[in-house]
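Number of protein chains: 2
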Amino acid sequence: MADTTLDLTLDAAELTARLVDFPSESGNEKPLADAVEAALRALPHLTVDRYGNNVVARTNLGRAERVILAGHIDTVPIAGNVPSRLDEDGVLWGCGTCDMKSGVAVQLRIAATVPAPNRDLTFVFYDNEEVAAHLNGLKHVAEAHPDWLAGDFAILLEPTDGQVEGGCQGTLRVLLKTKGERAHSARAWMGSNAIHAAAPILAKLAAYEPRTPVVDGLRFHEGLNAVRIEGGVATNVIPDACTVVVNFRYAPDRSEAEAEDFVRDFFADCDIDEFIVDDHTGGARPGLTHPAAAAFLAAVGGEARPKFGWTDVARFSALGVPAVNYGPGAPLLAHKVDERVRASEIPEAEERLRAWLTS
Amino acid sequence: MADTTLDLTLDAAELTARLVDFPSESGNEKPLADAVEAALRALPHLTVDRYGNNVVARTNLGRAERVILAGHIDTVPIAGNVPSRLDEDGVLWGCGTCDMKSGVAVQLRIAATVPAPNRDLTFVFYDNEEVAAHLNGLKHVAEAHPDWLAGDFAILLEPTDGQVEGGCQGTLRVLLKTKGERAHSARAWMGSNAIHAAAPILAKLAAYEPRTPVVDGLRFHEGLNAVRIEGGVATNVIPDACTVVVNFRYAPDRSEAEAEDFVRDFFADCDIDEFIVDDHTGGARPGLTHPAAAAFLAAVGGEARPKFGWTDVARFSALGVPAVNYGPGAPLLAHKVDERVRASEIPEAEERLRAWLTS
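Those sequence lines, one after another, are chains X and S. Residue 63 in the UniProt record's numbering is what sits at position 63 of the first sequence, and the numbering runs on without skipping anything. Residue 291 in the UniProt record's numbering is what sits at position 291 of the second sequence, and the numbering runs on without skipping anything.
Hints were generated in silico from the structure; no laboratory data involved. Careful, some of the hints might be misleading.
Because identical chains cannot be distinguished in the list, a pair is counted as satisfied if it fits within a single copy or across any two copies.
Listed below are the simulated SDA-like cross-link pairs for lysine to any residue, each with C-alpha atoms no more than 20 Å apart in a straight line [to be verified]:
| # | residue 1 | residue 2 |
| --- | --- | --- |
| 1 | K177 | D265 |
| 2 | K177 | D273 |
| 3 | K336 | R50 |
| 4 | K336 | H184 |
| 5 | K179 | W356 |
| 6 | K177 | H290 |
| 7 | K177 | I276 |
| 8 | K179 | L357 |
Remember, predicted model here, so these are calculated numbers, not experimental data.
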């Protein structure tokens, strides 16, 4: 790599191309983190902190509100799609164009060009978002330096087609185990059938009616589903065990404890032998009723949509900071070999954020 | 092997020991089949036929009834338990002592010592009973020479503790497949859940009440059970397929077609996408109301029991010959390394059969 500096006077699309040409696959973010840190330290209106390959920069203007702009600097593995290429139709191709170096470019441009925002700003650049959750840099910062992430409202600049996607639903996975007693299937009455014992569980799931509550202005949509079922010993044996794996996706007006209580109550009369919580991450409120968020929504326009899947906004929510996703690029193109972004979307997103932060 | 002849003047227990010392694991029955054939051909009152390593010998006295005595000559693999050993308590140890060279010894003794039975006799010695069904020698004889197996009543000399076990239940295995449509579990309403679609199947199974009909004097006990269930793609995906494997064990008063109809009707309202018959073998009536069988039961004493599991008697039943299991040895000792038989049981079984066939 010839040039390891980042020129923040480039426009957001050019800066995106520069970032794409600066490989930073998960686990190899250090050179890019160094460059981001150096570029930010050159800006006198920002205080810069670093933890591992995570960089946090803040204004300290004593404003009434503080807004966080966050993005991950890693990408999925490069698949012959670096360096970037701008085609004649104005489309920028390459690994990370969409997910999410265009969003990172917007963060850097705002950091460089808005020295006196109407709200205090915190810029978070973190590593290892595309790999196992325990490696996630935002998680590490939240655990080691939660004060660095203090704020009233957070925006994750993930690709959302330039629409606001608010909050996220929680996800709880439980294993429901039923018990029986083995016997030869020719003498079934000598045993008891654990698969038959799972009948009430499936009956309840089939009859489940999802709740669709409005939370901070967005309508969420819950779901309770068997995602796996497994039972059986041999084709001539009455099975002594059956496991139903259930996934509960729940709206962010429930706490984790409330979600777990709901599922336990829901299956309370099903004669379950073991109820095992296998995985659980809480949701995130969109916080769109907060004044900063409402002003943001008015500034960027469009109609906010709820985010049904789990995303890193939940980490902010866990710290008490409502959060949304908002960024250039189509989410469906993320992780594709033909990943791309319309170059004009990037300065557009930048302009909308600037308008909100300088009005 | 020094001596490849069989001396049918030995008593039944000694002959059993001799047969055990004559290894005949499944697939390697030829030397023993040769010895059995040679010993039977030396008996002038019998007509002997051979097909592969299966030997069939018959009297042709023009009696009003014909009775078949059948046994397999193969054993499970020897596990250091050959040659045989008679201990000081009169127990004969070794591979095949129980399953079923003691029964074969009884067949051979009757063949040698009852030249003028009150019913015509057919002796069947067959190979490959302990391995895959398609290798079974009785099946091969039934297909190639069904006339060799003609008769009014058949006794399989499998170990039954010297009790008559009548007939056997049929066994039908079906795969019931439900269909759904995949979706991310965070947006479950975009798909449809194939595991939930299996709820009515399990509900019907859980509510099933078995029939316990009396057939030819024996009370059978049906069973309809899920023996396996499988569904699921990933823990965040609504599953598009689920399979319930159901095993129907049915009394021998149902034909195979009737059994299949019953199961189809039973699940008719369950919205099953595919109903696949995976395996099906019919049952066998015990035929204990037949005069020859009734006389047999009176002669051997005790109370006949129904056989719930599937056995080779079903092959006779398919040819229109009612059949029972009756032989020395404890069925629970079959296939064990410490397989054994009380030596005195063997001539006892022989004497009871002789009494019936000469009264």
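Now the hints, each set against the structure:
| no. | hint | in the structure |
| --- | --- | --- |
| 1 | K177 to D265 | within (16 Å within a copy, 30 Å between copies) |
| 2 | K177 to D273 | within (6 Å within a copy, 26 Å between copies) |
| 3 | K336 to R50 | neither (31 Å within a copy, 69 Å between copies) |
| 4 | K336 to H184 | between (51 Å within a copy, 18 Å between copies) |
| 5 | K179 to W356 | neither (59 Å within a copy, 49 Å between copies) |
| 6 | K177 to H290 | neither (43 Å within a copy, 50 Å between copies) |
| 7 | K177 to I276 | within (8 Å within a copy, 28 Å between copies) |
| 8 | K179 to L357 | neither (59 Å within a copy, 51 Å between copies) |
Going through the hint list in order, the structure does not satisfy hints 3, 5, 6, 8.
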